[in-house]
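Protein chains in written order, with my numbering: chain B, 221 to 388; chain P, 221 to 388; chain H, 221 to 388; chain C, 221 to 388; chain S, 221 to 388; chain F, 221 to 388.
Treat each hint with caution, since some may be false.
Because identical chains share one entry, a pair is satisfied inside a single copy or across any pair of copies.
Below 20 Å or equal to it, Euclidean Cα-Cα: the simulated EDC-like pairs (lysine to aspartate or glutamate) are [unchecked claim]:
#: 1; residue 1: K369; residue 2: D223
#: 2; residue 1: K369; residue 2: D381
#: 3; residue 1: K337; residue 2: E244
#: 4; residue 1: K227; residue 2: D299
#: 5; residue 1: K337; residue 2: D381
#: 6; residue 1: K245; residue 2: D367
#: 7; residue 1: K337; residue 2: E365
#: 8; residue 1: K245; residue 2: D381
#: 9; residue 1: K227; residue 2: D381
#: 10; residue 1: K245; residue 2: D377
#: 11; residue 1: K257; residue 2: D377
#: 12; residue 1: K257; residue 2: D223
#: 13; residue 1: K369; residue 2: E229
#: 14; residue 1: K257; residue 2: E384
#: 15; residue 1: K337; residue 2: D223
#: 16; residue 1: K245; residue 2: D259
#: 17; residue 1: K227; residue 2: E384
Worth flagging that the hints you see were computed from the coordinates, not collected in a lab.
Protein chains: 6
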Amino acid sequence: MADVSAKPETVRKALAAGTIILGEKAFGMLQDGTLPKGDPLAMAEIAGVMAAKQTPALIPLCHPISLSRAAVYCVPNADTQAVDVYCLAEITERTGVEMEALTGLQIALLTIWDLVKPVNAALEITSTRLLFKSGGKQGMWRHPELDSKVLPPSLLDRIQDSLEESGS
Amino acid sequence: MADVSAKPETVRKALAAGTIILGEKAFGMLQDGTLPKGDPLAMAEIAGVMAAKQTPALIPLCHPISLSRAAVYCVPNADTQAVDVYCLAEITERTGVEMEALTGLQIALLTIWDLVKPVNAALEITSTRLLFKSGGKQGMWRHPELDSKVLPPSLLDRIQDSLEESGS
Amino acid sequence: MADVSAKPETVRKALAAGTIILGEKAFGMLQDGTLPKGDPLAMAEIAGVMAAKQTPALIPLCHPISLSRAAVYCVPNADTQAVDVYCLAEITERTGVEMEALTGLQIALLTIWDLVKPVNAALEITSTRLLFKSGGKQGMWRHPELDSKVLPPSLLDRIQDSLEESGS
Amino acid sequence: MADVSAKPETVRKALAAGTIILGEKAFGMLQDGTLPKGDPLAMAEIAGVMAAKQTPALIPLCHPISLSRAAVYCVPNADTQAVDVYCLAEITERTGVEMEALTGLQIALLTIWDLVKPVNAALEITSTRLLFKSGGKQGMWRHPELDSKVLPPSLLDRIQDSLEESGS
Amino acid sequence: MADVSAKPETVRKALAAGTIILGEKAFGMLQDGTLPKGDPLAMAEIAGVMAAKQTPALIPLCHPISLSRAAVYCVPNADTQAVDVYCLAEITERTGVEMEALTGLQIALLTIWDLVKPVNAALEITSTRLLFKSGGKQGMWRHPELDSKVLPPSLLDRIQDSLEESGS
Amino acid sequence: MADVSAKPETVRKALAAGTIILGEKAFGMLQDGTLPKGDPLAMAEIAGVMAAKQTPALIPLCHPISLSRAAVYCVPNADTQAVDVYCLAEITERTGVEMEALTGLQIALLTIWDLVKPVNAALEITSTRLLFKSGGKQGMWRHPELDSKVLPPSLLDRIQDSLEESGS
Numbered sequence: 221m222a223d224v225s226a227k228p229e230t231v232r233k234a235l236a237a238g239t240i241i242l243g244e245k246a247f248g249m250l251q252d253g254t255l256p257k258g259d260p261l262a263m264a265e266i267a268g269v270m271a272a273k274q275t276p277a278l279i280p281l282c283h284p285i286s287l288s289r290a291a292v293y294c295v296p297n298a299d300t301q302a303v304d305v306y307c308l309a310e311i312t313e314r315t316g317v318e319m320e321a322l323t324g325l326q327i328a329l330l331t332i333w334d335l336v337k338p339v340n341a342a343l344e345i346t347s348t349r350l351l352f353k354s355g356g357k358q359g360m361w362r363h364p365e366l367d368s369k370v371l372p373p374s375l376l377d378r379i380q381d382s383l384e385e386s387g388s
Numbered sequence: 221m222a223d224v225s226a227k228p229e230t231v232r233k234a235l236a237a238g239t240i241i242l243g244e245k246a247f248g249m250l251q252d253g254t255l256p257k258g259d260p261l262a263m264a265e266i267a268g269v270m271a272a273k274q275t276p277a278l279i280p281l282c283h284p285i286s287l288s289r290a291a292v293y294c295v296p297n298a299d300t301q302a303v304d305v306y307c308l309a310e311i312t313e314r315t316g317v318e319m320e321a322l323t324g325l326q327i328a329l330l331t332i333w334d335l336v337k338p339v340n341a342a343l344e345i346t347s348t349r350l351l352f353k354s355g356g357k358q359g360m361w362r363h364p365e366l367d368s369k370v371l372p373p374s375l376l377d378r379i380q381d382s383l384e385e386s387g388s
Numbered sequence: 221m222a223d224v225s226a227k228p229e230t231v232r233k234a235l236a237a238g239t240i241i242l243g244e245k246a247f248g249m250l251q252d253g254t255l256p257k258g259d260p261l262a263m264a265e266i267a268g269v270m271a272a273k274q275t276p277a278l279i280p281l282c283h284p285i286s287l288s289r290a291a292v293y294c295v296p297n298a299d300t301q302a303v304d305v306y307c308l309a310e311i312t313e314r315t316g317v318e319m320e321a322l323t324g325l326q327i328a329l330l331t332i333w334d335l336v337k338p339v340n341a342a343l344e345i346t347s348t349r350l351l352f353k354s355g356g357k358q359g360m361w362r363h364p365e366l367d368s369k370v371l372p373p374s375l376l377d378r379i380q381d382s383l384e385e386s387g388s
Numbered sequence: 221m222a223d224v225s226a227k228p229e230t231v232r233k234a235l236a237a238g239t240i241i242l243g244e245k246a247f248g249m250l251q252d253g254t255l256p257k258g259d260p261l262a263m264a265e266i267a268g269v270m271a272a273k274q275t276p277a278l279i280p281l282c283h284p285i286s287l288s289r290a291a292v293y294c295v296p297n298a299d300t301q302a303v304d305v306y307c308l309a310e311i312t313e314r315t316g317v318e319m320e321a322l323t324g325l326q327i328a329l330l331t332i333w334d335l336v337k338p339v340n341a342a343l344e345i346t347s348t349r350l351l352f353k354s355g356g357k358q359g360m361w362r363h364p365e366l367d368s369k370v371l372p373p374s375l376l377d378r379i380q381d382s383l384e385e386s387g388s
Numbered sequence: 221m222a223d224v225s226a227k228p229e230t231v232r233k234a235l236a237a238g239t240i241i242l243g244e245k246a247f248g249m250l251q252d253g254t255l256p257k258g259d260p261l262a263m264a265e266i267a268g269v270m271a272a273k274q275t276p277a278l279i280p281l282c283h284p285i286s287l288s289r290a291a292v293y294c295v296p297n298a299d300t301q302a303v304d305v306y307c308l309a310e311i312t313e314r315t316g317v318e319m320e321a322l323t324g325l326q327i328a329l330l331t332i333w334d335l336v337k338p339v340n341a342a343l344e345i346t347s348t349r350l351l352f353k354s355g356g357k358q359g360m361w362r363h364p365e366l367d368s369k370v371l372p373p374s375l376l377d378r379i380q381d382s383l384e385e386s387g388s
Numbered sequence: 221m222a223d224v225s226a227k228p229e230t231v232r233k234a235l236a237a238g239t240i241i242l243g244e245k246a247f248g249m250l251q252d253g254t255l256p257k258g259d260p261l262a263m264a265e266i267a268g269v270m271a272a273k274q275t276p277a278l279i280p281l282c283h284p285i286s287l288s289r290a291a292v293y294c295v296p297n298a299d300t301q302a303v304d305v306y307c308l309a310e311i312t313e314r315t316g317v318e319m320e321a322l323t324g325l326q327i328a329l330l331t332i333w334d335l336v337k338p339v340n341a342a343l344e345i346t347s348t349r350l351l352f353k354s355g356g357k358q359g360m361w362r363h364p365e366l367d368s369k370v371l372p373p374s375l376l377d378r379i380q381d382s383l384e385e386s387g388s
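Kindly produce the complete structure, drawing on both the sequences and the hints.
Printed below as a string of C-alpha cells:
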C-alpha cells in the first residue's frame, strides 16, 4: 500500500455504475416478482453495502478506511431487459474511495446474478465504470458519459451538490 | 439459502470470463512494466483466488463450500488494449460453483483496476459471463459464445476433459 | 475444538427463537413502514443468514462447517409490540448446528435493533432459546415450550418432517 | 449506511447488558470449574471483544469504526443460576457505538452457551438491553433500570466519569 | 490452488511448535501473574484456535477445509525464560493440515507478544517447525528433532496413537 | 482492549523481520524458479500486506486501525539458504503498529512455507523480531541488533528518515 499519511483528510465521493442483462424471461419474472429465490434487488442493495465495507480485505493494496456512507441503487430498465446498478461511496480520509464504490457495485451485480441464474445461465454484466469521483488533490473527475446518464432521482439528490461544485 | 442436503456430491466446474479495457496509454505501460504500483496481473491472479474463497461471505445466499481448485488467468489483448480475465473454480459438493468463479473473476478485474487507475480513471469492465459449468443434475452447460473464444493454453489444458465430455 | 472426526455424518437441524420488544411507537412505525432507515425485517433476514455462515469465525470452539441451509423468519406480534425471530439451520456433518442457528438469530435481532434504535433506545431482546435440534447421536431434542409456540406457516412447512419423526 | 461525515467527532461510550440462565446443574459446574469444555467466562470475554470489532461486518448498516476500547465482564449470579454479561464499547468518532457493545455482548453470551450446552440444552438468554450511551449530539442517555443495577466494581470504575457527567 | 478432488479423504494430523523468548523480567511477571494486560497463555490458546480456522483466508493457496480439531498448548520454560507453543490440527479431507497448525501457532505466539510487549520490546519468536504430519498419500512424517522434544502430557495423550502408528 | 482515546494521533512506524530457512535443495529451486507451485516471494509480499490489514481480527486485544502503509520485502540469502523477510507498517493513530508489522511478517513467512513445503517438510522460521518502532509517547525504539543488519535498499529508502530522527 502506498503511504498516504501526508495527504490531507477531505470528503471524497465516488459513484460507480454497471449493468446486468437478464434477458426477456428473467426480466419479466423480476418485474412480476416471480423469481424463485426472492427479490434480487433488495438483497443486492444490502449485499453491495456490506461488500463495500470489505473492500480492503479483498483488493490487496486498498487501505483500510472508515466509510462514512455507502449506498446501492438498482434500477430495472425494460428497454434493455437489464438492471442498472449504482454504488455511491463516501469517506472523510486521506485516500480515494473508487474501489469501495466499485466493489460494492460488483457484489451487488453478482447477488442479482445468483438469484436470477436458476432462470437464465447466460447472464452478462457489462459497462462497469466509475461515473465520478470528487475530493482529494485532483478534485472532481467526471466520466465523459456521465451527462448522458439518467440517474435515479434518489441518487441524484445525494450527489447533486458534488455535481454542482464541478460546474455542471 | 436453499436446502441442498438431498443433492448428490459430484465434481462441478465453472469457468467465468470478463474483460477490462485499459486504453492505449495504460495498456502500453502494462506491456512495458512501467505501471507505478507494480504488476497488476500477478496480483490480480492471487487476489482472485483469495476472493473466490470468500464468496459465501459476500453473496448472501451462497452456501459455504470447500473449493477444491480456483485459478485465475490474465491474458493481455493488444488488439483491444484490454486484459481478458478467466476464473476457473472446482468443487466436489452438492451445490454449484458459478458464483465462486464469478466472484474470483470480478475481484481479479477490480485488482487490475486498482493498479491501473492512477494512469486512467475511465476504465471499463465489460462482458462478464459464465462460459461453462459442469457437474450436478443438469450436467454440462456451455455459453453459446464459448466456441468462438480463444482460451489461454494453460487454461485449456485444465478444462479439456470437461469440454470433451460435453461432446464438443 | 473437540475432535469430531469419529462421529458419523447425519442430517442435523436446529431451530432457535428470540424476541425483540419494540414498544408501541416503534412497533406502529414498523407496521406502517415509516421507520427512518427502511424495512428492518427484510434486512434482518439477510443479515441473519450471512451471520449464521460466520459462526465458526465468531464462537471460538465452533467447528467450521458447510451449512446446507439457513433461513431467518421475522414475525411481528401486535399483542406484545414485538417481533418474534426464528432461525433454522441445517447441515450434513459430524457436528451439531445449534450455534449457527443461535448466531443467525442474534444478529438478525440486532439488525432490527439497529434500524429501530433511532425511534426507541430502550429496546429489549428476550427469550432467546433453542426450540429443537435433530440428528446426531442423541436424535431429536425438543424444548418443553415448543408445543405451545405458534410457528409461522412457512417455517412449519420446513420442519414438519423433523417434528413428525420425533413423534409429536 | 447514513451519511455521518458532517457529525463532529466526540468520545462516545455504550454499555450493553444481558443474562444467560444456566439452571442449577450447569451453574454448579460453572462454579466448581467442572464444565467439560473449560472455563466459559474467560473465553466469553475474549470472544466478545473480538466480535465487537466485527460489528460492521455483521450488521448491514453499521459504519466501519475504530473502536478505542471494548471490554466484556461476566458476573455469575447464584440467586438466579445465571451469568450477567456486560459489554462496554468506546470510540472517538462521528457515529454511535451501541451496536458494537450489543454485538460483543451477544457473542459473549453465545460463547457461554456453546461451552455449557453439553450439560443443558434448554438455556435461555434474556434481558439484553442498552444500559447507557454517552457522547454525540444527544449526550447521555440512561436506561430507566440502570440505577437499580448492581454493576461489577471493575466496570463501575471505567464508567464512573460518564455516569457523573449525567448528574447521577 | 492445486486440484485435490482426486485425492482420497483420510484423517490427517499436523503438529507445529515454536518458541517465544520473553527474557527474565517478563518471564517472571508471566509466572507471577503480574503482566499488565492479563494472562497471555489463556488468550493465546483461544486466539490460536480461532486463527487456525482462518488459514484459508490468510494463506493464498490454502484450500478451505473443515478442521475437525484444533488445539493450542502453551508451556512456560523457566530454563530458557521462554514459552514453548504447540498447535495440533486435524481434518478428514483431501488435503494436508500443516498450514492450519502453523497459522494457529504463529498467531498464538503473536498474541503472547502483544500482551508481553509493554514489558519487553525485544521479544523473539524462534524455532517454528512442523514436528509431524500424518495421513494422506505419504503417511507419517516426523521431524528429526521430534524424539528429543519433551511434549506436554495433555498433548501427548492426543497424538500418542499417531506416533505409535509411525513405529516410534 | 485498553482505552486509547486520550492518546494523541502521531505517525507511528514499525519494522519487523524474520527468516525462513529453506535448505539447499529448496533454496536452489527458489533461485532457479523451479518450485512447483510458483514464485513464493511475490505471493508472500501480497499475502503479508493483506494479513497486516487483518491484524485486529486475529490478535484479540489489537485495536482496529487504519494502516496508512504496509509493505513486505523478501530477500533471499544464499549464505544461509534462507529468505529474510521484512514487514514495515505505518499509521497515523493513537496506538502502536508493531502487531501489524509482525502479523504481516508471519503470514508472509508462512506463505513461503506453503509454496516450498512440497520440496522440504523440515522448514524452520527463526529470529522473528521487531527491529524498530517510532512515534507515540516513547518515540524511537531500536532493537540492539538493528545496526548490524544489512537492510534491502528499497526498504532503507523508506525508513531512512525515521532512523535519522533517532540520531543513528
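Evaluated hints:
1. Proximity of K369 and D223 under a CA criterion of 20 Å is satisfied in neither setting, with 35 Å inside one chain copy and 24 Å between copies.
2. For a Cα distance limit of 20 Å, the shortest separation of K369 from D381 inside one copy, 17 Å, qualifies, whereas the shortest one across copies, 45 Å, does not.
3. Taking the closest pair of Cα atoms, K337 and E244 come within 20 Å of each other only inside a single copy of the chain (13 Å); across copies the shortest separation is 35 Å, beyond that limit.
4. In the homo-oligomer, the alpha carbons of K227 and D299 never lie at most 20 Å apart, since the shortest distance is 45 Å inside one protomer and 38 Å across protomers.
5. When the C-alpha separation of K337 and D381 is checked against a cutoff of 20 Å, the pair qualifies neither within a copy, at 38 Å, nor between copies, at 25 Å.
6. Taking the shortest alpha-carbon separations for K245 and D367, neither the intra-copy value of 31 Å nor the inter-copy value of 25 Å comes in at or below 20 Å.
7. Taking the closest pair of Cα atoms, K337 and E365 come within 20 Å of each other only across two copies (18 Å); inside a single copy the shortest separation is 30 Å, beyond that limit.
8. With identical chains, the CA atoms of K245 and D381 are never at most 20 Å apart, being 39 Å at best within one copy and 32 Å at best between copies.
9. Taking CA atoms no more than 20 Å apart as the test, K227 paired with D381 passes between copies only; the shortest distance there is 18 Å, against 23 Å inside one copy.
10. Taking CA atoms no more than 20 Å apart as the test, K245 paired with D377 passes in neither setting, with 33 Å inside one copy and 29 Å between copies.
11. When the C-alpha separation of K257 and D377 is checked against a cutoff of 20 Å, the pair qualifies only between copies, where the shortest distance is 17 Å, while the shortest distance within a copy is 32 Å.
12. Taking the shortest Cα distances, K257 and D223 sit within 20 Å of each other only across copies (12 Å), while inside one copy they are farther apart (44 Å).
13. For a Cα distance limit of 20 Å, the shortest separation of K369 from E229 qualifies neither inside one copy, at 30 Å, nor across copies, at 36 Å.
14. In this assembly of identical chains, the alpha carbons of K257 and E384 never lie at most 20 Å apart, being 41 Å within a copy and 27 Å across copies at closest.
15. Taking identical chains as interchangeable, the C-alpha atoms of K337 and D223 lie at most 20 Å apart only when they sit on different chains, with a minimum of 17 Å there against 42 Å within one chain.
16. Taking CA atoms no more than 20 Å apart as the test, K245 paired with D259 passes inside one copy only; the shortest distance there is 15 Å, against 29 Å between copies.
17. Taking the closest pair of Cα atoms, K227 and E384 never come within 20 Å of each other, the shortest separation being 25 Å inside a single copy and 22 Å across copies.
Checked against the numbered hints given earlier, this structure breaks hints 1, 4, 5, 6, 8, 10, 13, 14, 17; the rest are met.
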